[in-house]
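So the mapping is simple: our numbering equals the position in the sequence shown, first residue as 1, plus 5.
Don't read these hints as lab results, they were simulated from the structure.
Every value quoted in this text rests on a predicted model; they were computed, and no experiment measured them.
Glycine included, every Cβ here is placed at the ideal spot set by N, Cα and C.
Incorrect hints may appear among the rest.
Computed Cβ-Cβ distance ranges for the label pairs, DEER-style [said to hold, decoys possible]:
#: 1; residue 1: Pro69; residue 2: Asp111; range: 23 to 33 Å
#: 2; residue 1: Gly136; residue 2: Asp234; range: 12 to 22 Å
#: 3; residue 1: Gly34; residue 2: Glu76; range: 38 to 48 Å
#: 4; residue 1: Ile48; residue 2: Asp166; range: 27 to 37 Å
#: 5; residue 1: Glu115; residue 2: Asp245; range: 16 to 26 Å
#: 6; residue 1: Lys53; residue 2: Pro171; range: 28 to 38 Å
#: 7; residue 1: Gly136; residue 2: Lys7; range: 16 to 26 Å
#: 8; residue 1: Ser77; residue 2: Leu42; range: 16 to 26 Å
#: 9; residue 1: Lys53; residue 2: Glu19; range: 11 to 21 Å
#: 10; residue 1: Pro47; residue 2: Glu190; range: 19 to 29 Å
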Amino acid sequence: MKLTACIEWLFEDETNDFAERIYKAKEAGLAGVEFHLWRDKPIAEIKKALNKTGITLTSFCVDPRRSIVDESQLDEFVTAVTESAAVANELNCKQMIIASGFLLPDTSPEQHFELALRALKLAAEIGERTGVTLLLEPINTRVDHPGMYLDSNKVGLDLVDAVNSPNLRLLYDAYHSIVMGEDIETIIAGRTQWVAHIQVADMPGRGAPGTGSVNWPAVVHMLETEQYDGWVGLEYKLNDLTTREAIRTSRATLAISE
6 MKLTACIEWL
16 FEDETNDFAE
26 RIYKAKEAGL
36 AGVEFHLWRD
46 KPIAEIKKAL
56 NKTGITLTSF
66 CVDPRRSIVD
76 ESQLDEFVTA
86 VTESAAVANE
96 LNCKQMIIAS
106 GFLLPDTSPE
116 QHFELALRAL
126 KLAAEIGERT
136 GVTLLLEPIN
146 TRVDHPGMYL
156 DSNKVGLDLV
166 DAVNSPNLRL
176 LYDAYHSIVM
186 GEDIETIIAG
196 RTQWVAHIQV
206 ADMPGRGAPG
216 TGSVNWPAVV
226 HMLETEQYDG
236 WVGLEYKLND
246 LTTREAIRTS
256 RATLAISE
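Construct the complete structure from the given sequences, taking the supplied hints into account.
Below, the structure is given as structure tokens:
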């Protein structure tokens, strides 16, 4: 496993120049970076920084975010995935993140599932054509994102399994999962083949691993047992730490040095 820094938040305390954060990540000994939306970012400068440092851009979000369960947004969703994939190829980024959108009124869980399945099949087809893997991210509805459709990693894995494409995988965000009361072993044991990216933050506070109450050695042991060998995204808020302090704390807590 290797660590990748979400420069949306990390290194923000050191520079307001977004592309400069890639150089900062290199200085900190990280091999990867990721961020959220791309349309407000200096793409040319990011590309230059990635090329100069050899840093891997591990993921960013499909932009604009559009619902995978609202049929009225389906065409816009397909366009967003297509345009985002072109940028991913320009930046040599192999993964893009999909959020689900909000729950629909008077719509059953089964109907939501079928609507999401239709959109994700289209996204996977775009991924297959462009060589980009789409990462479906369940997020918590208890604290940060009330009203969102996909807050269950089990359902997320069921969707990925149902699409059955090499270009659609799950992003397992341990913070969101734990906030929802999920147990990592129960959720992903035996299903890690569908998981292509991990993100971490402690709770409460969504800070660096080691600043809260999560049993991170147990989480890492589970991932090692399941032979997960992908990226682990440091997607957390600094709170009272500097970026360098937060990274040191994360490395010590997760026992991942790369």
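Open item on the list: Tell me if the beta carbons of serine 77 and leucine 42 are separated by a distance inside 16 to 26 Å.
Closed with: holds (21 Å)
Open item on the list: Looking only at beta-carbon atoms, does the pair proline 69, aspartate 111 fall within the given range of 23 to 33 Å?
Closed with: holds (26 Å)
Open item on the list: Between the beta carbons of lysine 53 and glutamate 19, is the distance compatible with 11 to 21 Å?
Closed with: holds (19 Å)
- [ ] For lysine 53 and proline 171, compare the CB-CB distance with the range 28 to 38 Å and indicate the outcome.
- [x] holds (31 Å)
Open item on the list: Taking 19 to 29 Å as the stated bounds, is the beta-carbon spacing between proline 47 and glutamate 190 within them?
Closed with: violated (41 Å)
Open item on the list: Assuming the hint says 12 to 22 Å, is it satisfied by the Cβ distance from glycine 136 to aspartate 234 or not?
Closed with: holds (20 Å)
Task: Beta-carbon spacing of glycine 136 to lysine 7 - inside the hinted bounds 16 to 26 Å or not - done: holds (21 Å)
Open item on the list: Taking 27 to 37 Å as the stated bounds, is the beta-carbon spacing between isoleucine 48 and aspartate 166 within them?
Closed with: About 34 Å separates the Cβ atoms of isoleucine 48 and aspartate 166, which means 27 to 37 Å holds.
- [ ] Given the range 16 to 26 Å, decide if the beta-carbon distance of glutamate 115 to aspartate 245 lies inside it.
- [x] violated (45 Å)
Open item on the list: Is 38 to 48 Å respected by the C-beta to C-beta distance linking glycine 34 and glutamate 76?
Closed with: holds (46 Å)
Checked against the numbered hints given earlier, this structure breaks hints 5 and 10; the rest are met.
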